[in-house]
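Just so you know, the protein sequences line up as chains W and H, in that order. Okay, so the first sequence: first residue is 1 according to the working numbering, each after it adds one. Okay, so the second sequence: first residue is 1 according to the working numbering, each after it adds one.
If you are wondering where the hints come from, they were derived from the structure by calculation, not from laboratory data. Please note that a few of the clues may not be correct.
[What the hints assert, rightly or not] In the EDC-like style, the derived pairs of lysine to aspartate or glutamate whose C-alpha atoms are separated by at most 20 Å in a straight line are: (1) Lys292(H) with Asp88(W); (2) Lys292(H) with Glu89(W); (3) Lys292(H) with Asp87(W).
[Claimed, not checked] Just some of the chain H residues that point at chain W, by a computed CB distance under 7 Å: (4) Ala81; (5) Gly85; (6) Val97; (7) Lys100; (8) Leu221; (9) Leu233; (10) Glu246; (11) Gly295; (12) Gly305; (13) Lys399.
The beta carbon of each residue, even a glycine, is placed where N, CA and C say it ideally should be.
If you want the building blocks of each chain, they are given just below.
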Amino acid sequence: MSELPDNPLVTSARREAIVVALIWLGTMLYTTFYCYVNGSNRTLDDITFVLGFPDWIFWGVIVPWYTCLAISAAFAYGFMRDDPLGDDEGHGEVADG
Amino acid sequence: MDSTPSPGFGAITALLVVIACSVWLGTIAQKVISRGSFLSSYFLGNRGLGVWTMALTATVQSGGTFMGFPSLVYSHGWTVALWIGSYMIVPLTGFAVLGKRLAQISRRTGAITVPDLFGGRFNDRRVALVASLLILFFLTFMMIAQFKAGGLIMKISWPDSATLALVEDASASDIDYKYQIGLIIFAMTVVGYTLIGGFLASVWTDLFQSVLMFFGVVGLLVLTFSDPAVGSLEQATRAAVAQTNENYISFAGYAKDGRQFLTPALSISFFFVWIFGGMASPASISRVMASKDTGTLRRSIVVLGTYNGRIYVPRICICMAARVIYPDVANSDEIIPRMALWATRDLPIGSFWAGLILAAPFGAVMATVSSYLVVISSGVVHDIYQRFLRPEATELELKRATYLIMVLLGLVCWLANVQPVQYLQALVVFCTSGGAASFLVPAIMSAYWRRATHQGALAAMIGGAATVLGLFLLGISSSDPMIGQATRFRPYFLFGCEPVVWGIAVSAVLGVLVTLLSPPPEQHHVDRMFA
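Pulled out of the complex, with its shape left as it was, chain H reads as follows (with noise of 0.2 Å):
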């Protein structure tokens, strides 16, 4: 017999509290950025992030896999904690290897959105048309993805709801007027806050979701190991094993269908995925191009190192207590809120203070759609659409072209989900990697060469992009090779790695060479990126 705790009507008034704190914060960042010219405070916040909106924003991850990764603890066991051990150094990677060249480099250029960055430093509108429709491309899949996990999660906080946590695949029975409900609320929500505040209203309420995580990670590892069916980690390992088998204590990971789900190859390769998916992504590097100064940057080092430590390793410990609560949970996916509901359900109020823990993926999904909706508009609005239609466009059009894109993004996105897409998880890697591949190599040729051409960063961006997309279009094609997370959309695992571990390679590659065979740069337009 199921023993969790009835969510009752705490967690949907938990959701309700964060979705009237989003629209708050977009009113007020509204009154901010109307402070500032429409573009450049409406796009970038005016440049003024300051440590906490940096540390915890930029690099932080999705709504998925705030879901998927405790999944996995609880499905693969210990192993997971090596499958995420590249965070330690995502702090120092995020923010130190490009954060002050990019961001000097887009004052230098003016530029406010990322293809302008690239444009700009490349002195090539190609260039900056290019990475606008990489950029469309990869972050309209991970939106609609985002936009499922966000009507999912709606549907499952209503008080009657059977179930705990979105599923991957959701069956033709979990669409039903619950997820359509949730789904049109969700999307009014986001696309209404984020058309009001922007850049700001995106950035602040990703703080919000991430300082809601922290105190709901914190608070509920307390709660668990005080309690005393639990007893100590070493006894829930103990009995973990109990249920599986000593795969669950050893590298390759259990499975109860006997794939491997970490070799040496990947557990490299996820060395690059977190590492450079991080880094590379367009999200990540607009905010990092309103960093108010280096200092900024430097401090968010130790916040977010700080952050990080206090968030990962208590969520792989209070999954494998979980293992003595609930030995066998048929959808992994809920095992956080199903711990969630049975760690409080001695406190006042305790379904109230459970659905604020269950509200921290909604936050964060909502915090995710946000930044690519700021991310995508940008790059119709001023990069296509300004830039290659409208030139001489008044600051009022560009408003509204803004507005009407956010909306139709809205729509779209809305429609694609009437009937769901599948593979949440599968689309969240795909993207990341595909932005990876396409982003880092021509990143790291603006900022530190000066040979670099623009012949090479677009060979760069078209190589890294195509390559990911030629590996995840065979791997679906192919036999299950048995390693990694189980699913359908797979890519093939060339020598055995991950997509973006030859996406970089080839991008790296194809910039290098095509740079060195094209003509050198203007010399007075490389001394002005540069002196």
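The following block holds chain W by itself, in its conformation from the complex (with noise of 0.2 Å):
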């Protein structure tokens, strides 16, 4: 018997998951990296301040966060689709195993 195909909200959330775990990853690496990078051993006289923030913190986090947020707020009503759950169909019966 071959396999029926998936509902749409398993291809949509598939496609969402993928989508999410490759900005994680692409976050994860830019952050750390250039954390790393230009965080490293400094000292009052080289240092900048950018707002207040120490010059690796605001590039390394805070411009990351706030742009994770419009980032978050394009995926949220752009891209992430509305799919209908359904209703309660079973009671958690299982089998035996």
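Taking the hints as your guide, dock the two standalone chains into a single complex.
Right under this line is the structure:
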């Protein structure tokens, strides 16, 4: 017997999960790499402050943070799809195993 | 000399207000849940969570972390912004990776609890049983730690209290009659309102404390930086470096004992700890299962993102300013309470406003305990008692069993804290890591892999949990590597990483391998879950 095709929610959820995983990976690599390279062994003589934040924190954490907020809003309102969740179908019955 | 204004009666009054509000919310929740069947309404709120209750309760931290994070900023400097930086992505990962699918599967299987969900998805009772036992193990430890925090916060809120915050390892002198009375009041309150209102009471009190925290932090930020004594954020940072050394503005972070607070491997690890600890915790999964619809999950991403953006960065700034006002606080957990009292010193009924800020961690602790009470009692009553012992149990019987389990849990946690547990914050990290390593991979397999089998899910759960447990046991018996937080309850940092990284890796490898080595699941069951 051939398997039935995926429900539209499964397809959209899988696509959205892959995009989020890529965003997570990109954020992690950028943030940790940028902060490590630009934040190691800093002194008051060579550091600059942007809006009161040390430069490596501003560009490595603060800017990505609010960029992520913008991306999240765009993702939620422009990419993520609404799908019906369906009604309660069972009562948690499972096989004896 | 200590220049911190006295909390007076403000803190205890604010705590009593929070307690009264929580009980009131519990009684309202009771009226709402009485409209549905007991199990579905009491343990899952009839799957009716809206945007605000979903966004501000599903992935928000425990009370211990509320107190611990500002303390770390004050102690170690700007690198703690990177340590917590992964919260920038939590709204997306918390709702958009598993949310829609788990909410759908829970409806298709009729699942009310997390073990129910896994048992139904893999069509095997043993998966549900193992999930129940793991939840019972990790969440009971977590709850015991939270009870101690609740008792200590009650103690420090007494008008003549000499301390302003809980400490991780309370000394014998901290455990006096004030602590014991505080512990009893805390236990009775949180068990009482959860017992009355179930899941909804837990969610609403969680929302209440999140709102309290939001206004507390924003108000404290404005008051702090409008005071001429503080100056600018840059001036505060320069003052902090003068008191410590230049590690305070560097990646490694400052520590009095010379340890390296953050390493490259640890900074990557925390993109696992906070992300997957939130996404795969049983309390978070059960709230996602209760989502009203997918639009709720979608809009929750934006609400939580906005909330996190206004909570975390301001708290870092406040802790930097604290270095100007209080250059050398012996117990850095006291830093937010001290700043709250200092910033509100000239306001009318200032100590009450400060008390409300102090009450936020108390509310967070109560909300955390309350959500665990619901998750654990649902697991014991529905997934063990009803499923294995008395399948024919009536609704009244299940209700009585639930109340009994909640009271017993409260008693166990109270007794365990008469001589309190130690290493509160470390226990929180251990339980969070254990939950993530146990449930992340099975949840992803459930949602997206048709071929996944119950044997694979069992191997993933047990392998992940055992790895985290093993690395913590190994760490306790090893010498201090002088990285990360200073605590005796530390894990073994294999290749410099937190145990959760290895727990998830082992769980994934075992889940895939065992699945591929076991017979495929029945086609009609898989179609029911996916088609």
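Each hint, compared with the structure:
A C-alpha spacing of about 12 Å is found between Lys292(H) and Asp88(W), which places the hinted pair at or below 20 Å, so the restraint holds. In summary, the hint linking Lys292(H) to Glu89(W) is supported, as the alpha carbons are separated by about 16 Å, within the 20 Å threshold. For the suggested pair Lys292(H) and Asp87(W), the alpha carbons sit about 11 Å apart, so the restraint of at most 20 Å is met. Contact between Ala81(H) and chain W, as hinted, is supported at the beta carbon level, the nearest pair being about 5 Å apart and thus within 7 Å.
Given hint, Gly85(H) at the interface with chain W, holds; its Cβ is 5 Å from that chain's nearest Cβ, closer than 7 Å. Restraint check, Val97(H) versus chain W: the minimum CB separation of about 5 Å is within 7 Å; hint holds. At its closest, the beta carbon of Lys100(H) sits 4 Å from a beta carbon of chain W; the interface hint therefore holds under the 7 Å criterion. Among the interface hints, the one on Leu221(H) is violated; its C-beta lies about 12 Å from the nearest C-beta in chain W, farther than the 7 Å criterion.
With its C-beta approaching chain W no nearer than about 3 Å, Leu233(H) sits inside the 7 Å limit, and its interface hint holds. Contact between Glu246(H) and chain W, as hinted, is supported at the beta carbon level, the nearest pair being about 5 Å apart and thus within 7 Å. A cut of 7 Å between beta carbons decides the hint on Gly295(H): the least distance to chain W is about 5 Å, and the hint holds. The interface hint given for Gly305(H) holds, since its Cβ lies 4 Å from the closest Cβ of chain W, which is under the 7 Å cut-off.
A cut of 7 Å between beta carbons decides the hint on Lys399(H): the least distance to chain W is about 17 Å, and the hint is violated.
Hint compliance for this structure: hints 8 and 13 are not met, and every other hint is.
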